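Assemble the whole structure, with the sequences as input and the hints as a guide.
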Amino acid sequence: MKTLKLRPYLLAATPFIGILILWTVLPSLLSVPAYKLPSPQLVWTKAIELTGDGSLLQHILVSLYRLALGFIVGNLLAVPIGIAIGVNRHASDFLLPLLTFLQSIAGIAWIPLAVLWFGIGDGAIIFVIANIIFFSNLYNTVIGVESIPQAYYRAVLSLGASRFDILKTVIIPGAFVQLIVGFRSSMAFGWRALIGAELIAGTTGLGYMTLDAVQWYQTETVILGMIIVGVIWLVMDRFLFRKLETMTVRRWGILQDK
Amino acid sequence: MIVNKELPKISVDNASIAYTNQDFAEPHLAVKDVTLEVSANEFLVVVGPSGCGKSSLLAAIAGFLTPQGGSIKLNGKQIEGPGADRGVVFQDYALLPWKTVLDNVGLGLKFRGMSKAERDKIAREHLALCGLADAEAKYPHQLSGGMRQRAAVARTLANQPEVMLMDEPFAAVDAQTRMTLQEELVRIWQQTEVTVFFVTHSVEEAIFLGDRVMVLSSGPGEIKAMVDIDIERKDRDLSSLNSNPRFQALRDEITRLVRQDAA
Numbered sequence: 053m054k055t056l057k058l059r060p061y062l063l064a065a066t067p068f069i070g071i072l073i074l075w076t077v078l079p080s081l082l083s084v085p086a087y088k089l090p091s092p093q094l095v096w097t098k099a100i101e102l103t104g105d106g107s108l109l110q111h112i113l114v115s116l117y118r119l120a121l122g123f124i125v126g127n128l129l130a131v132p133i134g135i136a137i138g139v140n141r142h143a144s145d146f147l148l149p150l151l152t153f154l155q156s157i158a159g160i161a162w163i164p165l166a167v168l169w170f171g172i173g174d175g176a177i178i179f180v181i182a183n184i185i186f187f188s189n190l191y192n193t194v195i196g197v198e199s200i201p202q203a204y205y206r207a208v209l210s211l212g213a214s215r216f217d218i219l220k221t222v223i224i225p226g227a228f229v230q231l232i233v234g235f236r237s238s239m240a241f242g243w244r245a246l247i248g249a250e251l252i253a254g255t256t257g258l259g260y261m262t263l264d265a266v267q268w269y270q271t272e273t274v275i276l277g278m279i280i281v282g283v284i285w286l287v288m289d290r291f292l293f294r295k296l297e298t299m300t301v302r303r304w305g306i307l308q309d310k
Numbered sequence: 055m056i057v058n059k060e061l062p063k064i065s066v067d068n069a070s071i072a073y074t075n076q077d078f079a080e081p082h083l084a085v086k087d088v089t090l091e092v093s094a095n096e097f098l099v100v101v102g103p104s105g106c107g108k109s110s111l112l113a114a115i116a117g118f119l120t121p122q123g124g125s126i127k128l129n130g131k132q133i134e135g136p137g138a139d140r141g142v143v144f145q146d147y148a149l150l151p152w153k154t155v156l157d158n159v160g161l162g163l164k165f166r167g168m169s170k171a172e173r174d175k176i177a178r179e180h181l182a183l184c185g186l187a188d189a190e191a192k193y194p195h196q197l198s199g200g201m202r203q204r205a206a207v208a209r210t211l212a213n214q215p216e217v218m219l220m221d222e223p224f225a226a227v228d229a230q231t232r233m234t235l236q237e238e239l240v241r242i243w244q245q246t247e248v249t250v251f252f253v254t255h256s257v258e259e260a261i262f263l264g265d266r267v268m269v270l271s272s273g274p275g276e277i278k279a280m281v282d283i284d285i286e287r288k289d290r291d292l293s294s295l296n297s298n299p300r301f302q303a304l305r306d307e308i309t310r311l312v313r314q315d316a317a
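These protein sequence lines are chains A and B, in that order. Mapping to the working numbering: the first sequence position 225 is 277, numbers consecutive. Mapping to the working numbering: the second sequence position 57 is 111, numbers consecutive.
No lab work stands behind these hints: they were computed from the structure. Some hints could be false.
[What the hints assert, rightly or not] Straight-line Cα separation of at most 25 Å, PhoX-like style, residue types lysine-lysine; simulated pairs:
1) Lys295(A) x Lys192(B)
2) Lys295(A) x Lys220(A)
3) Lys153(B) x Lys295(A)
4) Lys220(A) x Lys170(B)
5) Lys127(B) x Lys278(B)
6) Lys153(B) x Lys127(B)
Remember, predicted model here, so these are calculated numbers, not experimental data.
Below, the structure is given as structure tokens:
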């Protein structure tokens, strides 16, 4: 019984272990210099050093704070506007062409303007993240509302629902079905935009940390930053988005477990 | 409420019903010049070939569609849109996937502002009436098709409508479940005294369930015949109904009427 429970974890760990082995063995075999690809030991030593002086945690917290704030602001705008577009023909006619135009240049294309408007720092970075989260989830919300079966509206109307009841019991949950599935991909976009924005407009954060390290040929810091980004994403995906899915769309039978 | 016994529960007067969808550029006439009356506590079944507009007629009584001409009234009052006095049971159940069975059944009561404790009590009574007492904590997707339809009937009845409109409710369940649901529906109808307007394409189902069976011709649907089902309820046993000569005669007659128009 115990092996059965462990199996998915073992399977998940195997490719990581494989890469770690290749990373340890290949550079010395092919004599790649350490400034191009430092060994795992060097990166590990760097991790201990930066954890010890607290700077790594500082960078991580700053990045997560920006991501969270951008995520909240982006969604607070995307969900109500998306619902309005989904339910109202006029709102859709009025807003969709403009928003589609803006969608093509969402995200890091805004970094230059954001820096001009907000200066180097939090404002510009959060603006870029909120921007990309907004466009990603705006369309998820619209699709969510549009894919609510007509029978649900008819059913609640025949049970005496008011317009507000319909919004609360049909439209918002219906939109969230698509949103929850979309949260993960939007957050992945946001995460990438964050690192990109910090490379250009940051003086702190994980993106800034890696770029700053390049100037001093501290390649181990660059790789450490990339690994941390991946690890944080893995943890968020498993413990935030998976959990949210399990509590909602999987529970409702809209997404099926394998 | 004082209900005038003489007044028909539903009266459809010379109604024509059209609908538009992406298949038709112009509004498509589904039902033409239909006149009928359904009395209180009657069980009326509508049969007809597919596309005869029987579901459009039901949708118009529910208030989802507005008739182009003529009028549709409930208790003598013009119907203007959907309302809680006319509960609807859909072929595909239309239970909200994000609510438990108990919360789905209590939904109409919630819209009326009833407290959680009160509506749970009423919802449980109706779940028991529909044979679903053990399923209240489940979500719709965890139920079989037959159980989902029981939940949908419980949801409609918990809201105490005057009329229950049923749009081919048993078309998607297997034959065995279907027979059980038909028997249960008659039992529930007799216990609640709700007026039932039931749409089906099955002639056997229509005769087993109905006080009267209305046959619609194919599109645009017009009333072809109104057949009284003069078999006593106590003689309508599904296991022996097939060999009842009166049932056979009615089945042959109604089948002939329906088939004359089938494309």
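Outcome of the hint check:
no.	hint	result
1	Lys295(A) x Lys192(B)	19 Å, holds
2	Lys295(A) x Lys220(A)	23 Å, holds
3	Lys153(B) x Lys295(A)	18 Å, holds
4	Lys220(A) x Lys170(B)	16 Å, holds
5	Lys127(B) x Lys278(B)	22 Å, holds
6	Lys153(B) x Lys127(B)	33 Å, violated
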